[in-house]
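Note that the protein sequences, when read in sequence, are chains A and B.
This note's numbering puts the first sequence at residues 341 to 410.
This note's numbering puts the second sequence at residues 57 to 539.
Watch out, some of these pointers could steer you wrong.
[Unchecked claim] No more than 25 angstroms apart at the CA atoms, straight line, and that leaves these computed lysine to any residue pairs for SDA-like: (1) B:K344 <-> A:G352; (2) B:K225 <-> B:L197; (3) A:K361 <-> B:F242; (4) B:K405 <-> B:W527; (5) B:K344 <-> A:R348; (6) B:K376 <-> A:R348; (7) B:K86 <-> A:G387; (8) B:K189 <-> B:F174; (9) B:K481 <-> B:N524; (10) B:K100 <-> A:G410; (11) B:K177 <-> B:P141; (12) B:K322 <-> A:L346; (13) B:K376 <-> A:N351; (14) B:K100 <-> B:Q447.
[What the hints assert, rightly or not] According to the in silico footprint, chain B covers these stretches of chain A (three or more CB under 8 angstroms from chain B): (15) 359–366; (16) 401–409.
If you're looking for bench data, these hints aren't it; they were derived computationally from the structure.
Just so it is clear, CB atoms sit at the ideal spot from N, CA and C, and this is done for glycine as well.
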Amino acid sequence: MPKVILSRADNGTLTCYVPKKDLEGRVKSLEYDRADCWGGRMVLEDGTALFIEPLDTPPIFPVEMRVTRG
Amino acid sequence: MSALTRAEAEGLIQDVLEVYPEEARKDRKKHLMVNDPAIEQSKKCITSNRKSLPGVMTARGCAYAGSKGVVWGPVKDMIHLSHGPVGCGQYSRAGRRNYYVGYTGVNTFGTMNFTSDFQEKDVVFGGDKKLAKIFAEMEMLFPLSKGITVQSECPVGLIGDDIDAVTQKGSATLGKPVVPVRCEGFRGVSQSLGHHIANDTIRDHILEKGLDDDFVSSPYDVAIIGDYNIGGDAWSSRILLEEMGLRVVAQWSGDGTLSEIKRTPKVKLNLLHCYRSMNYISRHMEAKFGIPWLEYNFFGPTKIAESLRAIASRFDDRIKEGAERVIASYQPMVDALNAKYVPRLQGKKVMLYVGGLRPRHVIGAYEDLGMEVVGTGYEFGHNDDYDRTIQEMGDATLIYDDVTEFELERFVAKIKPDLIGAGIKEKYVYQKMGIPFRQMHSWDYSGPYHGYDGYAIFARDIDMTVNNPCWKNMQAPWKKELP
Chain A
341 MPKVILSRAD NGTLTCYVPK KDLEGRVKSL EYDRADCWGG RMVLEDGTAL FIEPLDTPPI
401 FPVEMRVTRG
Chain B
57 MSALTRAEAE GLIQDVLEVY PEEARKDRKK HLMVNDPAIE QSKKCITSNR KSLPGVMTAR
117 GCAYAGSKGV VWGPVKDMIH LSHGPVGCGQ YSRAGRRNYY VGYTGVNTFG TMNFTSDFQE
177 KDVVFGGDKK LAKIFAEMEM LFPLSKGITV QSECPVGLIG DDIDAVTQKG SATLGKPVVP
237 VRCEGFRGVS QSLGHHIAND TIRDHILEKG LDDDFVSSPY DVAIIGDYNI GGDAWSSRIL
297 LEEMGLRVVA QWSGDGTLSE IKRTPKVKLN LLHCYRSMNY ISRHMEAKFG IPWLEYNFFG
357 PTKIAESLRA IASRFDDRIK EGAERVIASY QPMVDALNAK YVPRLQGKKV MLYVGGLRPR
417 HVIGAYEDLG MEVVGTGYEF GHNDDYDRTI QEMGDATLIY DDVTEFELER FVAKIKPDLI
477 GAGIKEKYVY QKMGIPFRQM HSWDYSGPYH GYDGYAIFAR DIDMTVNNPC WKNMQAPWKK
537 ELP
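Chain B with its partners taken away, still in its complex shape (with noise of 0.2 angstroms):
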């Protein structure tokens, strides 16, 4: 059952649109949609990917964030140069909670900051003598360090510095990587064309200058493409795959290295989570090195079971057997459970607005708990986004495309949803409005939310935040009305 009936629904998005500009109203009526899970094709009913209104509040990304920030940054044994003014570094720095082991500042530096911190003298005198100095400096400083990636601020794309050749140099006289990312903010809509941008370098960058020829690869080698391991979560899911008999070989990129990068070119099937993030190396490995890609989900144990079975009718029955083994050991738990949380949850509506695969992927996980989304949304999702999600969504519900924080307000206050799914941007708004809410995005500093394990958790943080007795406490003492 839906919260609204189809009518409604319609009704609600235009009482929303009532308020823009007729220019505006629009634009933003293109990424707005009622939910029909018959139609096919996101593309005639809704448009994403394209560029947010000036004047409205959106929660996107820039270019930068979805380089820096998701696909390179995990990378821990390589030093991610934050090039440009101090400011896109410092604000990004660690904020993901992409969990690895290491020590860091010796042979792994991801929640370091490394940043050229650009003045004006860089600005107007161009900072690449800078860049030069700066490879010097970290080459004394971390001689660990397993080669460099230099993330472009806006600042050097506005200047038209050459990094491409400081890098080229520096890579020589270092003897190591050093990987140019024209990742500046200003390209692009949203984080979505950072994480092609960095796919890109990595594909020309890494895997075109020499693979890893020791690696003696197994026929059970399996890379785990788009985890970035948030709270945990790579660990969560690749035991699964290991304990049912798989060889994970490589994480792409959570907990992640480059000398994980350079082998998995020799692995036999790429298991992509993430698919808005890391499509375009799989489309590469696929093409350039004939590896197959299989998209996955790792959320609440119905889709875990799926997946796995998915995973295993590509190997022989010895992965069968061990996927149906793996499923049955964590029934149990998933049992025990489902019956702790299920009379807790049932029926409460949930409303998300987040990013990559999370809008469709974690609905399996709320519906495993007897709860229903009522409304979902991309920030920079793109069309092949949208088609996957129609069919994850039930009729008539809610699907928005870079939903402004006045949409979002608008849409909640009327279907009153029970648990809201988005970013920091909005948590505090929520939850001052006295709904429950949950910082999806890095899992409101819980997780991991992947596998069985994560589900527990998962579980867990839902019930706490859902059934806080705090929510009904929201009005003043003072304004209550007298006994």
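In isolation and in its complexed conformation, chain A is listed as follows (with noise of 0.2 angstroms):
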């Protein structure tokens, strides 16, 4: 259950920082975006895949989260 930061660059792409590892990487995919929905399954551009247990309304970035393997 890795602690990663989520956070939005300047040009909208969503940026994901996994601590323990010092990896930063730009979200290649989510699976819901939504405004009603936002979370489940995440991949990073280098192909690590993480799960975010869905959230009713996205949160308000930086936003520091714990994700699951996914």
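Each of the two chains sits in its own frame; use the hints to bring them together as a complex.
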């Protein structure tokens, strides 16, 4: 259950930072990215897949959250 | 135009790898690459932040160097105790030239060496009692210190001293923060882990333990993060920010103080210069206090103008106008400098091998002088550093991670650059080879190099080195052919 920091870059892309691995990567795909449901399976550009428990509303970035292996 | 074609560069790497035994060759191969700016992810073509191979000469430092020497050391009103044998503290004392103002030994302690001077007895029986005694002694001798950090050296970790308990007790008796930093040299593969450990201790022992509540913030507050004031760098950076209308309320950590650290969570924007050593705390402040951070680059007028505009874009029109005003006001100075130095330096090739932010940040400054960087590398960079570097470097240039002395010498012999910028361990080797060299860890005892004022000094220094007549007189007179 790694802790990650999600933030939005200036150009709107979502980036994910995994402190334990010192890994910074853009998010390639996110399962649910709607106003009423946000989260699900997230794939980083290097292929790492993580899972975020879907939320009712999108969080305010930057946000620190727990994720599981997707 | 690169110095080599892609095929030549790849051939050069192959040549260099020839000498290694098979196992070593396989490992070193992953750390050397020929650049292709089209690549977005460095991970597939270069490996970094791995243990150096036994038997090769590496220029890396240790975790203690990263914590005491880089992150904590410049915090001037705290005492940084080198806990362990005397050497680590003495040989790292004041070597980085983090300038500061204050009365050394009274209210500032930057260039002093505090050590617990471990003896055999302390290793056998443990140094905890000695540490407690040292706290009392330091408090008596230097009552104006704002806090103490205990920078662990290797033996402390090896014998398993419980410095956390001692510092906790010490903090309660002294009424000041006493921070245990477990940065024993053997941790991690380079100084990079020391930065991380130091960042984490700032988070846990300073920011978590109460902030500066009396501080009145303004909408234009910024903090300079990751500028260590080498030769006065942070000062030549902050005047630019102040001239454009921002208020710099904290410097991390060059010429910085404990109270500046404590008030940083109230700023509007963290300006991050050295990404490698302080991105951890910037990310923490982003997640915890919602303070955005922005990487900037104050080397060379092109990058300065770019950075000032990027910083201004985060604020209102007043600051945006201020940025344009600052850029315009320094333009005549830049033009004069370029008119003087560019004809003398045009087309010269540079190779770099330094640490932190410099392998990519200074590229712009050399390009402003008409020079070209043909090879660059980090001592202790991670993948995210290389991601950023690949885009800055030209096609078919060399990128080398944790390059060994042998590899760098062979690269230099083949590429024949007009200037090398690396550390003190390389300096005299290349100067004796007759190649202009500058020690770019602490600006070869010059500086500052940040900001417009720094650019003037940078241009002068580079010209002075590259066009120095001494390089043509490296051969002993009796070895010269008679006329």
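Structure-based check of all given hints:
no., hint, result
1, B:K344 <-> A:G352, "holds, 21 angstroms"
2, B:K225 <-> B:L197, "holds, 19 angstroms"
3, A:K361 <-> B:F242, "holds, 19 angstroms"
4, B:K405 <-> B:W527, "holds, 16 angstroms"
5, B:K344 <-> A:R348, "holds, 16 angstroms"
6, B:K376 <-> A:R348, "holds, 23 angstroms"
7, B:K86 <-> A:G387, "holds, 20 angstroms"
8, B:K189 <-> B:F174, "holds, 13 angstroms"
9, B:K481 <-> B:N524, "holds, 21 angstroms"
10, B:K100 <-> A:G410, "holds, 22 angstroms"
11, B:K177 <-> B:P141, "holds, 12 angstroms"
12, B:K322 <-> A:L346, "holds, 21 angstroms"
13, B:K376 <-> A:N351, "holds, 20 angstroms"
14, B:K100 <-> B:Q447, "holds, 15 angstroms"
15, 359–366, "holds (count 4)"
16, 401–409, "holds (count 3)"
The structure fails none of the hints (numbered hints given earlier).
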